[in-house]
Every structure is written in structure tokens, then in C-alpha cells.
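According to numbering that gives the first Met the number 0, the stretch in the sequence shown is residues 0 to 135, in order.
Hints are supplied without guarantee of correctness; some may be wrong.
Stated by the list, open to error - Keeping only pairs whose Cα atoms sit at most 27 angstroms apart, straight-line, the calculated DSSO-like set for lysine-lysine is:
1. Lys126 x Lys47
2. Lys47 x Lys70
3. Lys126 x Lys70
Quick caveat, the hints were computed from the structure, so don't treat them as lab data. Every value quoted in this text rests on a predicted model; they were computed, and no experiment measured them.
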Amino acid sequence: MVPRNCTRTAVALALLATTVAAGPARAEEEFPFGFEISLDAARMPGSKRIPSLEIGDNGEVVLELWCKGGKGQFSVAGNTIIFVPGAMETRNCPPDRTQADDDLLAALGDVATWRRQGDLVTLTGSKTLRFRLNTN
């Protein structure tokens, strides 16, 4: 017969191990408030930039696109997301980069849901946009 204290200790250790194992997985699935994410895309010819979004703790966003830069706001509830762009700074850029920025802003404005798996954040709307957390 196993003493009652040993059984309770074993159950407590099992619950603790389950909680510790589930903790980091849950954190990896939360919206990346307070992080910078970069679009999972190749660089455009003649450019060193890849669009990035710096997301504040309250959903405020600083955008650096292929050419343009500006601010916006994410509102998140569960897996539902809304992006509202703010004023964008127009910089002297070739027409292809300006068009790519406009297309990306339109796609961000159409985003309806999001999902995170580790360092990959997927925003889904009229287009699927994949971003990677900048972890370095």
C-alpha cells in the first residue's frame, strides 16, 4: 500500500509539470504585443528593406514598409483582428515599391483573423500575410 502523502505528492508534481510545460506554449500563441515582426518575404530588387511592424503593448504600430513609413493600430479580440492605418510618410521611391506598400497596406486593412505558431504570425484576410518575430 502506498502512503497517502506519497500519492498526494505525486499528483501535485504531475500537476506542476503539466502547468510548467503548458506555460511557454501558451505564451507562444499570444498576439505579439510588445514585439517587432517582419514580413516573411524576399527583398525587392535594389532595396535592403523588408517591411516590419513594431507592435506596442496597446496595439499601436510603427510601420516601416518597402518605402513608406507611418503608424497604425491593431485591435485584437480572441483570434479576430482589425488594423487601422494612420498617416503614412511618403518618401521618394520607385513606383514598384510605392505600389507594393499600397498593396500591403490594403491587405493589412482587410485582415480579419490572426494565428501565431512560435515565431510565425499569420494574418488572414483577402490575402494571407506571414510575419516572423524578430528575436535577435
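Status of the hints after comparison with the structure:
no. : hint           : verdict
1   : Lys126 x Lys47 : holds (24 angstroms)
2   : Lys47 x Lys70  : holds (21 angstroms)
3   : Lys126 x Lys70 : holds (21 angstroms)
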